[in-house]
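Chemist: The residues making up each chain are set out below.
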Amino acid sequence: MLIHLSQSDGVPIYLQIVNQIKYLVASARLEPGEELPAIRTLAEQLLVNPNTVARAYRELEQAGVVEMRRTAGTFVSATKSPLARKEKLRVLGERIDALLAEARQMDVPIDELIELLRQHHRTMSPQSNKE
Amino acid sequence: MKTINGPAMAIGYYLWLRTRWMLAALFPVAIIVPLVKQRVVIHLNGHEDYAGDLTPPYYPQIIMVAALIATVIIFVLLLSQFCYAGKDVSGRESAFPRWMMSLPIRSFSLVAWPMLYGSTVCALACLLIFYVLLPRQAFSRMPYWPLAAAAAFCAWLQAVSWMPFWWQLARMIAAVVCLIVVIGLGVLAQALEFQDWLVLIGYVGVLALALVAGTQGVSRARRGDGVRSPWSNGAVRKRIRPIDLRLTFRSASAALLWVEMRRNLIFTPFISLIGPVLIFGLCAFHAGHPSTFYVYGKMISSTMIMASIFIGSPLCCSLILNGTLAKFDTWLPDITVPNLLAVRPVTDSKIVAAKMKNVAITMAVTWLATYGLLILWAILPNSYERHYSVAGLVAANFTMRYLMWGLIVAIGLPLICWKFAVESLWVYLYGRRWLINLVGFGTITIWIALGTLAKFAPWREIVPFLPWLALMFVLAKGVIAVVIIRALVDRRLLSPKRLFGWSIVWLLIVLSLWLSVKAVLHPQLLGQWLLAAAVIWFVPANRLLLAPLALHANRHR
Amino acid sequence: MSALHPMIEPQASPPSRADGAHPAVEIRNVTRRFGQKMALDDVSLTLPTGTVLGLVGENGAGKTTLIRHVMGLLKAEQGLVRVFGLDPVLEPVKVLSQIGYLSEEPDLPGWMRVHELIRYIAAFYPTWDAQYASQLQQDFALDLSARIKHLSKGQRARAGLLCALAYRPDLLVLDEPSSGLDPIVRRDILSAIIRTIADEGRTVLFSSHLLSEVERVSDRIAMIKNGRIVFCDTTQAVRDAHTRITIRFDEPREQPPVMEGALMWEGRGREWTAVMSVPANEARSSASALGAQVVEQSALNLDEIFLARANRAGGQTP
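Same order as they appear, the protein sequences are chains Y, E and C. The opening residue of the first sequence carries number 1 in this note's numbering; numbering runs sequentially from there. The opening residue of the second sequence carries number 1 in this note's numbering; numbering runs sequentially from there. The opening residue of the third sequence carries number 1 in this note's numbering; numbering runs sequentially from there.
Only chain Y is shown next, with the shape it has when bound in the complex (with noise of 0.2 Å):
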């Protein structure tokens, strides 16, 4: 499983783990039901201390996208839990005034920005050419 850690840009590392799972996931490389490596495994990998990949584990749990069965192992989420819905449309919210300002910032008129997300999701999901 690849996954990038960054030092220099101020985010916690439990974080970035979670940002780039969520990604794996939204991006298809990671199926529902594939299982996701040991806490140890990735600690390893990694080169982080394990307590971090289990916080960010507890994280990605809370936020529905992966469920812990005790002794199996970590697994993709296979349904969208609805309890967690409202509290992913909360973290996006957040992430879209940021997009926003700083799109205000640069002088980004909202149709472009909005033509500019259409653009990125095609790239993601090349089978689905539905919007």
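Just so you know, these hints were derived from the structure itself, not from any lab. Treat the hints with caution; some may be incorrect.
What the hints assert, rightly or not - Capping the alpha-carbon separation at 16 Å, the derived lysine to aspartate or glutamate pairs in EDC-like fashion look like this:
#1 C:LYS37 to C:GLU77
#2 Y:LYS22 to Y:GLU34
#3 C:LYS225 to C:ASP42
#4 C:LYS75 to C:GLU26
#5 E:LYS350 to C:GLU91
#6 C:LYS225 to C:ASP303
#7 C:LYS149 to E:GLU93
#8 C:LYS75 to E:ASP490
#9 C:LYS149 to C:ASP107
To be verified - Under 10 Å between C-beta atoms, here's a sample of chain C residues computed to sit facing chain E:
#10 GLY72
#11 LEU74
#12 LEU90
#13 LEU96
#14 LEU108
#15 ALA122
#16 PHE124
#17 TRP128
#18 VAL173
Even for Gly, the Cβ is constructed at its ideal location relative to N, Cα and C.
Fit chains E and C to the supplied structure of chain Y, relying on the hints for placement.
Modeler: Just chains E and C now, with coordinates in the frame of chain Y:
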């Protein structure tokens, strides 16, 4: 800040920094000793000079011997400083400091300046030694070649230290060879009655050779070669047997002893025996020299000189080098406990026990080798004494009594060397340079003081008090033992069970030694209780107990 | 950086011998002087079992002195040092048999061969795992018949690491283990730390200048400056307690503004950037109290925190 110009001044400054304390220590000797000589001799003899022979009073000689010992020690220290000593002397690599090798100075200058300073200072130190040793008239009639020999030896010692060698330990052998050659040349010249100026020119030639050899050595060291012999192909030799990592030591003590023996076993035998072996090789098959010498009015044959060199060399080496066996590695100058040993789960008592075992083994090896050499020398036909061997001489005068005494001495010498070595371990184990210097010079001072007091003291008045003094001494030893044992138990270095066991062993040794000496000795010479006190003094206890304490203080600072 | 490192399959390692009653390392009010210099000034530190503590500080701040106290190489002049509840000076056998030590100093004697070294060290530890040692030796590609003085610096570090790991110590103490080593060896050392901590109940104490490594691997971070502990907290708490904030004033200023907890100021005119030792919301409220507008605010990584802290005269943060 003043700056220094030129390599000459810079090297001189560097050597000054390294040797200033030793040079300072020589000053008192140069000034005090002649004064003492003057005052004491005038006071006792009524006139200024003494004939220099062994007639009473003896203490001018005692003071002189003491000052001589101090000066010789300082001389040796100075030599080691001028050779830039500090690295593994037994190794193959040059001892020349790496940082100096990368300076933009020609090898010739790097070598010439230290040699110049070194040989000058050594010649002056040698002059001082003779000034201290000889009476004034003898001093003024002294030949010059010993000074030149000292200068030449210093230069050759520097050259030998700075040369890379193809084999381990070759450097030490080369150093002893240089010593013998340099001194031998002078003795030869004197015997053949060459003129003084001719001898001096000869020594200047020897100095020049040293300069050439030294420059060559440093150049080779700078290039990085000289450490591998030309016939070794430089490839790592493949082991035929695969290394099995499952082979282990039986215990931690076995591992400790293995390291001790690996680094500290060969040192004493090697140093003790280089001299005797070389002299044996030189003299055993050589003919035509006068066979007797007269020293202070007594006749000494060359046989006796040879025998005393063979016995004296290991004895002196064990006595002088005894403390260095306390180092983790006798070939290196560190006196601190290396991390490799300090972080192991092993008590200081175990480490000291391993050291004491190693000292026993090394003394056994030294003396067995010495006896072997002695027997070999005795068997060979001796060209000095008109072609009969020393063994034949001994066989002709054989008695059981001589054999018994011979055996006692043969077993006693290694034991005494072991005792002295093990008793001085604590000084080096403590790991502080000031203690080593203090004990070293302090011991010499105490012996001088005792020697002088012994001649001044009114013996007849003291004799009745001797038993009380002996008793006080035994009590003092006991009190000190209790203090040390308390400290050991506090630091968990000694368990009560072991304490009990070792006390019993010590008492048994004291008892058996007392009884056996009492059986052999005349009762009039020494009363039995005084003998007991002497035996208690002799058998080591306190200094052995101090050793783990000292190591503890070194390991946990 | 992808997962190309060939990892050893973790074997079932024996459970830790340390009981849970005592913290792995406890240092209380330790003071130490070397002549005039105060190397440690009333230092107190606790390392719970099962955590990784990263010790950071400038050269000469007191890290090595502290670590030597833990190993029993230095006796505490004042205060006490306890490792697994025992005094390392009085009980060297019990304490040191559970500690694996690696330091940046060239500890290994040059004349020994690698297999001799391994055999020597193995003799002291009843828990020595010969199979694990053999595995490590193959992974590190150590030449058993080579003399240590002929090994490169990285190989020497690996040999030292093997000797510190093979008996599966409960506490791993590393004193600037990565200094001067190439990235591959550094990786080996970091993996060793993580493998140790992943085994239940084992603890790691290490000091390093490579703050990125410290940040990745430590549960707690302690910073020493001039012999005093500046902070000792979990990694996340340390990050949360510091922030970088850029504020903008209406009028240009010549001097940087005075704000509580600011460590370092940069900027000129109307915009000023500060590295602050207070959490983000406190920084924002201080800025608005001054009447300035917050333009940008971001988190800091450990390197930047360290640099900012090192500039100031240190003291214990409340």
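Chemist: Mind listing which of the numbered hints don't hold for this structure, in increasing order?
Modeler: Hint check: nothing fails, all pass.
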